[in-house]
Amino acid sequence: GAVVSQHPSWVICKSGTSVKIECRSLDFQATTMFWYRQFPKQSLMLMATSNEGSKATYEQGVEKDKFLINHASLTLSTLTVTSAHPEDSSFYICSATRTVLNEKLFFGSGTQLSVL
Amino acid sequence: GQQVMQIPQYQHVQEGEDFTTYCNSSTTLSNIQWYKQRPGGHPVFLIQLVKSGEVKKQKRLTFQFGEAKKNSSLHITATQTTDVGTYFCALSSNTGKLIFGQGTTLQVKP
Numbered sequence: 001g002a003v004v005s006q007h008p009s010w011v012i013c014k015s016g017t018s019v020k021i022e023c024r025s026l027d028f029q030a031t032t033m034f035w036y037r038q039f040p041k042q043s044l045m046l047m048a049t050s051n052e053g054s055k056a057t058y059e060q061g062v063e064k065d066k067f068l069i070n071h072a073s074l075t076l077s078t079l080t081v082t083s084a085h086p087e088d089s090s091f092y093i094c095s096a097t098r099t100v101l102n103e104k105l106f107f108g109s110g111t112q113l114s115v116l
Numbered sequence: 001g002q003q004v005m006q007i008p009q010y011q012h013v014q015e016g017e018d019f020t021t022y023c024n025s026s027t028t029l030s031n032i033q034w035y036k037q038r039p040g041g042h043p044v045f046l047i048q049l050v051k052s053g054e055v056k057k058q059k060r061l062t063f064q065f066g067e068a069k070k071n072s073s074l075h076i077t078a079t080q081t082t083d084v085g086t087y088f089c090a091l092s093s094n095t096g097k098l099i100f101g102q103g104t105t106l107q108v109k110p
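From first to last, the protein sequence lines are chains A and B.
The opening position of the first sequence corresponds to residue 1 in our numbering, with each subsequent residue numbered one higher.
The opening position of the second sequence corresponds to residue 1 in our numbering, with each subsequent residue numbered one higher.
The following block holds chain B by itself, in its conformation from the complex (with noise of 0.2 Å):
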């Protein structure tokens, strides 16, 4: 089945620096969603891509689609302790279910 590989595992910044993670897929991609979770917590939907090449912002957020949608990241700009969390991209299939990948999870020192 699809699957996506989703790297690091884990990230440790200093408060202000930056941070991205990667997802990558063996097979084109119709879209790619992004959640956040936060420790204790439940995903929560942060934005569907869904054109080649797309980029999209969200304050300090900057999400990208690979030309060829076989590949996401997620950059965050500048850190702060609230971006804290397991960042999950998840790609969904012709059925409607949605596949997470492994995570990467944030760790921010003030």
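Pulled out of the complex, with its shape left as it was, chain A reads as follows (with noise of 0.2 Å):
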């Protein structure tokens, strides 16, 4: 199946800091990747919808300012979380399709955000 690399898996940081997060398809292109959030316990929430090329899609709620997405080729998308503060801790997870209609998704590992 097709394989998508995300990294960092973990990243501690101090309140104020960015971080960033890459998103890779490997072995396909992706026309679209979306990138979730996910508490303890909890189900995956949508965040953005990156489309290469364009201007991510945000769902109502996520700070765009906050969460800067680029989608800038086919294989990569990038999650800079800006001016992190503790409560942005959480377990960030990005997903790739081939097509944008009812397609499956891959997922990467995802990166656990710790901020200090």
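FYI, nobody ran anything at the bench for these hints, they're computed from the structure.
Keep in mind that the hints are not guaranteed to be accurate.
Under the rule of at most 20 Å between Cα atoms (straight-line distance), these lysine to aspartate or glutamate pairs were calculated in the DMTMM-like manner [stated by the list, open to error]:
{"id": "1", "chain 1": "A", "residue 1": "66", "chain 2": "A", "residue 2": "88"}
{"id": "2", "chain 1": "B", "residue 1": "69", "chain 2": "A", "residue 2": "103"}
{"id": "3", "chain 1": "B", "residue 1": "51", "chain 2": "A", "residue 2": "103"}
{"id": "4", "chain 1": "B", "residue 1": "57", "chain 2": "B", "residue 2": "18"}
{"id": "5", "chain 1": "A", "residue 1": "41", "chain 2": "B", "residue 2": "17"}
{"id": "6", "chain 1": "A", "residue 1": "66", "chain 2": "A", "residue 2": "87"}
{"id": "7", "chain 1": "B", "residue 1": "36", "chain 2": "B", "residue 2": "15"}
{"id": "8", "chain 1": "B", "residue 1": "36", "chain 2": "A", "residue 2": "103"}
Two chains, two frames, some hints: make the complex.
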């Protein structure tokens, strides 16, 4: 099956710093990538939809200036958590699909962010 | 927006017992997907159901899509400790994004 690589797997940072998370599709071109956030024992909450070459579409309640998404190529999307605070601590997971509609998602391994 | 309700939230079973999780939507779904997330891991795609009344099997797992395409279920026969994890149903919107149910966390006692 298709492989999605996500780095880093975990990161600990000080409050006020910015953290960049990378998501790469290794063996296919991902027209669309999705960024999810998951708190302990909760479901995956969609944060934004990222399309190559265009601005990301953010879900209601997600601050676009706080969570910067860049999808510079068909194989790479990045999420930058700017000026991180302890409440941003969470598990962030990216996923990719080869087509737009009704395609199964291939997930990265996730990034556990802890903000001190 | 579209939403899907998933129950139960948790299920503890003895190894060998059966397990079922249900997803319900107030609107008709074009399709529904099921994922499994092991503790500490990421979701892994299990199956997609598209047709009304569809039933698909994967070894001990049976997936059903309701006749009205508003509900779906995942049934595991004779659970094993390797079945432990959280099972999510997910529906895809017409813009391609996937909306996840709340998930059912399965614990299996050996």
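Check your understanding: Which of the listed hints are not met by the structure?
Key -> Number 5 only.
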